[in-house]
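Colleague: One letter stands for each residue in the lines below.
2 protein chains.
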Amino acid sequence: MDIIKVSSRSVPKSVAGAISAVIRGGSPAVVEAVGAGAVNQAVKAAAVARTFLAEDGIEAICIPEFGEFEVAGEVKTGMKFTVDKR
Amino acid sequence: MDIIKVSSRSVPKSVAGAISAVIRGGSPAVVEAVGAGAVNQAVKAAAVARTFLAEDGIEAICIPEFGEFEVAGEVKTGMKFTVDKR
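From first to last, the protein sequence lines are chains A and B.
Residue 32 is where the first sequence starts when you use this note's numbering, and the numbers rise one by one after that.
Residue 32 is where the second sequence starts when you use this note's numbering, and the numbers rise one by one after that.
If you're looking for bench data, these hints aren't it; they were derived computationally from the structure.
Don't take each hint at face value.
Taking lysine to aspartate or glutamate and the EDC-like style, the derived pairs with C-alpha atoms no more than 20 Å apart in a straight line are [unchecked claim]: (1) K44/A x E96/B; (2) K111/A x E96/B; (3) K111/B x D115/A; (4) K36/B x E101/B; (5) K111/A x E90/B; (6) K116/B x E96/A; (7) K116/B x D87/B; (8) K116/A x D115/B; (9) K44/B x E63/B.
Covered stretches of chain B, as calculated for chain A (at least 3 residues, CB under 8 Å) [as the list claims (entries may be wrong)]: (10) 75–83; (11) 92–105.
Since we're looking at a predicted model, the values are computed, not measured.
Here a beta-carbon is modelled for each residue, glycine too, at the ideal position from N, C-alpha and C.
Could you put the whole structure together from the sequences, leaning on the hints where they help?
Modeller: Dropping the structure here:
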């Protein structure tokens, strides 16, 4: 499964495009973010993806969970968002 | 409808308790957050609420949207999270 990694410098609209493409392909999209700035961009991306998918009649929801992710060789706690059809 | 306002200083577990109580009462919970720090706490709270509700056999999902909120007399753009049963 492809994982969409988001940083505080990610552009929400671009990430939203990636999320939407995965969901249109029939799979849930998995987004990882470590740190408040990255989590904020991930949430914005999920909100934008909802509007993109709504245009295709798809209602998308988001499932936030804690996760452990490797960033630059170190394991950090962050948030995993699964974006899926409702 | 009661709105749960979250700041960067909010304690995720306490907010999760408030979210869970609303959902157990049969309504969706609405959470507002302005700023990356507040959004991060809101997402953590939603993740904790999911674990609280899972203990009651309830699967909760989160719907992130942009919103305009009044903070100290000023209108600011932030995120609104509707936490609801799937």
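Colleague: Each of the hints needs a verdict: does it hold here or not?
Modeller: Now the hints, each set against the structure:
1. K44/A x E96/B: holds, 14 Å
2. K111/A x E96/B: holds, 18 Å
3. K111/B x D115/A: holds, 18 Å
4. K36/B x E101/B: This hinted pair holds, its Cα atoms lying about 11 Å apart.
5. K111/A x E90/B: holds, 16 Å
6. K116/B x E96/A: holds, 16 Å
7. K116/B x D87/B: holds, 12 Å
8. K116/A x D115/B: Status holds; Cα separation ~14 Å.
9. K44/B x E63/B: Answer holds: K44/B to E63/B is near 16 Å, not above 20 Å.
10. 75–83: holds (count 4)
11. 92–105: That given contact holds, which follows from 6 residues of the region 92–105 of chain B lying within Cβ reach (below 8 Å) of chain A.
Violated hints for the displayed structure: none, as all numbered hints are satisfied.
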